[in-house]
Amino acid sequence: MAELHDFTLASARDALKAREISALELTEAHLEAIEKLDDRLNSFITRTPELAREQARRADEALARGEGGKLCGIPLGIKDLFATKGTRTTAASRILSNFIPPYESTVTANLQKDGGVFLGKLNLDEFAMGSTNLTSAFGGVENPWKYSDSDARLVPGGSSGGSGAAVAAGLVLGATGTDTGGSIRQPAAFCGIAGIKPTYGRCSRFGTVAFASSLDQAGPMARTLQDCAIMLESMAGFDPKDATSVDVPVPDYEAALGRGVKGMRVGIPREYRLAGLDPEIDALWEQGIAWLKEAGAEIVDVSLPHTRYGLPTYYIVALAEASSNLARYDGVRFGERQTRDTLDGMYEATRAAGFGDEVKRRILLGTYVLSSGYYDAYYLRAQKVRTLLRQDFQKAFEKVDVLLTPTAPSGAFGWDEKPTDPIQVYLNDVFTVPASLAGVPALSVPAGLNSRGVPLGLQLIGRDFEEETLLAAGHVLEQAANFTHRPTLHAGGAA
Amino acid sequence: MSSYRITGETGEWEIVVGLEVHAQIVSRSKLFSGASAEYGAEPNTHVSLIDAGFPGMLPTLNEECVAQAVRTGLGLKAKINLFSRFDRKNYFYADLPTGYQISQFAHPIVGEGVVETELPDGSTGRVGITRLHMEQDAGKSLHDQDPTRSFIDLNRAGVALMEIVSEPDIRSPEEAGAYLRKLRQILRYLGTCDGNMEEGSMRADVNVSVRKPGEEGFRTRCEIKNVNSIRFVMQAIEVEAQRQVEIWEAGGTVDQETRLFDHAKAETRSLRNKEDAHDYRYFPDPDLLPLVLKQEWVNELKAALPELPEEKRARLEREYGVTRYESGVLAAEQAVADFYEEVARDADARLATNWMLGDFFAALNRTGRSIEDSPVSAKGLRELLGLISDSTINGKIAKEVLEDMVETGESASAIVDRKGLRQVTDTGAIEKAIADILAANADKVAEYKGGKEKLFGFFVGQTMKAMKGKANPAMVNELLKKLLAG
Numbered sequence: 001m002a003e004l005h006d007f008t009l010a011s012a013r014d015a016l017k018a019r020e021i022s023a024l025e026l027t028e029a030h031l032e033a034i035e036k037l038d039d040r041l042n043s044f045i046t047r048t049p050e051l052a053r054e055q056a057r058r059a060d061e062a063l064a065r066g067e068g069g070k071l072c073g074i075p076l077g078i079k080d081l082f083a084t085k086g087t088r089t090t091a092a093s094r095i096l097s098n099f100i101p102p103y104e105s106t107v108t109a110n111l112q113k114d115g116g117v118f119l120g121k122l123n124l125d126e127f128a129m130g131s132t133n134l135t136s137a138f139g140g141v142e143n144p145w146k147y148s149d150s151d152a153r154l155v156p157g158g159s160s161g162g163s164g165a166a167v168a169a170g171l172v173l174g175a176t177g178t179d180t181g182g183s184i185r186q187p188a189a190f191c192g193i194a195g196i197k198p199t200y201g202r203c204s205r206f207g208t209v210a211f212a213s214s215l216d217q218a219g220p221m222a223r224t225l226q227d228c229a230i231m232l233e234s235m236a237g238f239d240p241k242d243a244t245s246v247d248v249p250v251p252d253y254e255a256a257l258g259r260g261v262k263g264m265r266v267g268i269p270r271e272y273r274l275a276g277l278d279p280e281i282d283a284l285w286e287q288g289i290a291w292l293k294e295a296g297a298e299i300v301d302v303s304l305p306h307t308r309y310g311l312p313t314y315y316i317v318a319l320a321e322a323s324s325n326l327a328r329y330d331g332v333r334f335g336e337r338q339t340r341d342t343l344d345g346m347y348e349a350t351r352a353a354g355f356g357d358e359v360k361r362r363i364l365l366g367t368y369v370l371s372s373g374y375y376d377a378y379y380l381r382a383q384k385v386r387t388l389l390r391q392d393f394q395k396a397f398e399k400v401d402v403l404l405t406p407t408a409p410s411g412a413f414g415w416d417e418k419p420t421d422p423i424q425v426y427l428n429d430v431f432t433v434p435a436s437l438a439g440v441p442a443l444s445v446p447a448g449l450n451s452r453g454v455p456l457g458l459q460l461i462g463r464d465f466e467e468e469t470l471l472a473a474g475h476v477l478e479q480a481a482n483f484t485h486r487p488t489l490h491a492g493g494a495a
Numbered sequence: 496m497s498s499y500r501i502t503g504e505t506g507e508w509e510i511v512v513g514l515e516v517h518a519q520i521v522s523r524s525k526l527f528s529g530a531s532a533e534y535g536a537e538p539n540t541h542v543s544l545i546d547a548g549f550p551g552m553l554p555t556l557n558e559e560c561v562a563q564a565v566r567t568g569l570g571l572k573a574k575i576n577l578f579s580r581f582d583r584k585n586y587f588y589a590d591l592p593t594g595y596q597i598s599q600f601a602h603p604i605v606g607e608g609v610v611e612t613e614l615p616d617g618s619t620g621r622v623g624i625t626r627l628h629m630e631q632d633a634g635k636s637l638h639d640q641d642p643t644r645s646f647i648d649l650n651r652a653g654v655a656l657m658e659i660v661s662e663p664d665i666r667s668p669e670e671a672g673a674y675l676r677k678l679r680q681i682l683r684y685l686g687t688c689d690g691n692m693e694e695g696s697m698r699a700d701v702n703v704s705v706r707k708p709g710e711e712g713f714r715t716r717c718e719i720k721n722v723n724s725i726r727f728v729m730q731a732i733e734v735e736a737q738r739q740v741e742i743w744e745a746g747g748t749v750d751q752e753t754r755l756f757d758h759a760k761a762e763t764r765s766l767r768n769k770e771d772a773h774d775y776r777y778f779p780d781p782d783l784l785p786l787v788l789k790q791e792w793v794n795e796l797k798a799a800l801p802e803l804p805e806e807k808r809a810r811l812e813r814e815y816g817v818t819r820y821e822s823g824v825l826a827a828e829q830a831v832a833d834f835y836e837e838v839a840r841d842a843d844a845r846l847a848t849n850w851m852l853g854d855f856f857a858a859l860n861r862t863g864r865s866i867e868d869s870p871v872s873a874k875g876l877r878e879l880l881g882l883i884s885d886s887t888i889n890g891k892i893a894k895e896v897l898e899d900m901v902e903t904g905e906s907a908s909a910i911v912d913r914k915g916l917r918q919v920t921d922t923g924a925i926e927k928a929i930a931d932i933l934a935a936n937a938d939k940v941a942e943y944k945g946g947k948e949k950l951f952g953f954f955v956g957q958t959m960k961a962m963k964g965k966a967n968p969a970m971v972n973e974l975l976k977k978l979l980a981g
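Read top to bottom, the protein sequences are chains A and B. Residue 495 is where the first sequence ends in this note's numbering, and the numbering goes up by one at each step. Residue 981 is where the second sequence ends in this note's numbering, and the numbering goes up by one at each step.
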């Protein structure tokens, strides 16, 4: 079965079309891998083997007729933030632990329409709040990668940590993620895979449990950018059910991969060169610059002057929206309801029991920054800074086509190394957050290993709806990096 | 302007009142979902997953509700804001499934306007409109019916409301009543709100403060929530103003707070301290883009607006020669005006006006019917008036015929024929009847001729009685004069 785990999403698609393999055997191989590895990795919250077999059988029937969409028969994992009709959808929270939606998110409906096979619902930080995947009410996810010198459990990053780990370990060929401030890109970097946060409005948010509505955007996570391109084409598109979805046609992303970067101007934002940046990260960045230059790109020094306000702005805007979005989980309709003498008492006890510490922390912060005495000082000012940050990008993109930065300030760290100071954890998102605030697309590609043997990623940021340019530049990095390393925990065995 | 004053121990006080009217928008579906907005269905039968605040559900704006708000703004002669925006009003309130209400806060769709009021004594006034914004209605939840369970009805959750905020221009309970009546009339004419206060499709929050006449600025106000009839609004203002005057005169201060009006006890009671209001947390709803309207679209809506009450009154006065008072009554409701025009168009307008305002309204009152389910159609009434005009029957008989029409639903001519009520215009028959009367009352004839001219009415009456009321009154008059002179 080992060779079945060597497929990328694209090569599996081609093999399925050519009838060299069947969707059912591909699915069974991945279900087996989940059986074998996931009790340890804990990347799935809910496994759906029966649904997967049923979808695989239908895919085989379609393929036999010479039909089937672009993901026909492809085993996928779904971040448990996407509502799936009839399948438990928890957002990794106790308060939604028994929630079975009677509806399907637009993104997962699109994937199913194209023939995707769903193996289950993937773990994440509770309500997508976190950068470690340790805040899940269903337990943390173990990164399939190991330090070369230690057996310690490493974090997969977050919030799409289950997605990152499942893809990296070969449990699925691709997974959905959502990115609010880096939740696709940072775990992709930690897990040594590719991930794209598309332009805000590119993928419908309908049916995705909301964290921070003005930032949340679904995107693909897979082993290669080609795989991501195939998935994104299926996930994206205008949806009248989401007022912020944008009616721009979905291009053939896969076709954009080979365009190259000749004549492309690549910006290096000088403000991203943080004082005290890990020299290994810095070296990787230099390497990325060299690769693009060699491939014919022009490197341009650019300035994004408001970068240093990105993180504080993000934590005001995102948490304000989160406090509002999570108000609906009151114990009246969702979750285990606590009994108290008064209604307020019931709410308080239910929410106290239903939410984890990180979620509570964020709700409290968000409530605080919106409260009338502080609104002008925090929220209103953050909105203004957000506008400035977006203008930074617009100005930079007058001069350059893409921006190159590291994805995260470090590689994966150990569960035990998790900083006790939440602010330190928040710093994981320092490179990813500005693009989220600006709404522009960004991706992460694996570009190398650090000295302790865990992957590091490079980030490319592009203009609104220019995912194709990102893919072209990303593909050059991907080819040059030739990242063929495999994590220690992998369905096909370690490489 | 009214000079309403409360007389306290320290002298006179005037009242300052502003109203926030919540008017339910007439639309097929809710403001942000496709669920029906119809009133009175079984609990939870008109609820979409969006209204219920399910995870991942997103609001999408109902364009018809926007059009209704713009029409209303135009009807209130108000500024239409081509840019408006929806905000989330966050507060923990049991009836909001999402925990927040989507409402326009910083940028409402309609800006300043004005409502011309008319008081029962005929005096007029103007009440400024500060703004009109759209928002969602809340659901209904009962948490105290069962120790462990909550009962929830989300039929109203998400129904589109217009909140129409007035300037604090109102100075008497009567003016508040006049304002509400006028506002309701305009909304009904526009078809943007049915104005049905009993069903809660129009309700008012009343802001009341008092001050000494001539005093600059405002003193602390209290808000009386959700008053659901015009009469109660007027009573609540009276009662609350009185309460405030007593507090000020006793040397106390009025606390800013939300109160409710208990009409049975004729008192207002504290509901919650306004300090809680600081917990309202607003920010732009990230699920909805700002609402940007095109001026051409607004122009189209304006061109298609129905005739409004003031225009209609002016036209009725011009075309049918009705008085200012009569136009007010006839145009009070669009259906009445339509009915009137249907009757008056091909009839003697004066006759039509007198009959509408007189016997016809009396018949409606007597039978407890409204113009919409009138027992006599406009066509039926017009036919009746036609029979008067062409002298088939006289006015007195016509009253009897109308009563019969209300009873039986038969047409006027059918009743006249069945009962043989045609007016007698045969000179010979009338002359004969008069001759008999005069012969039988020789003494009275002598008195009449002796100068007691008032007896003329007696002879008319007797003649009509003898003719069973069917004689043409003009002919009776004429012939009597001739015969008495002879």
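It is possible that some hints are incorrect.
[Stated by the list, open to error] Quick list of the computed label-pair ranges, beta carbon to beta carbon:
id: 1; chain 1: B; residue 1: R644; chain 2: A; residue 2: G453; range: 53 to 59 Å
id: 2; chain 1: B; residue 1: D590; chain 2: A; residue 2: P240; range: 25 to 31 Å
id: 3; chain 1: A; residue 1: D252; chain 2: B; residue 2: K789; range: 30 to 36 Å
id: 4; chain 1: B; residue 1: R714; chain 2: A; residue 2: R308; range: 55 to 61 Å
id: 5; chain 1: B; residue 1: D641; chain 2: A; residue 2: I100; range: 51 to 57 Å
None of these hints come from the bench; they were simulated from the model. Cβ atoms here follow ideal geometry from the backbone N, Cα and C, with glycine treated the same way.
Hint numbers contradicted by this structure: 4, 5
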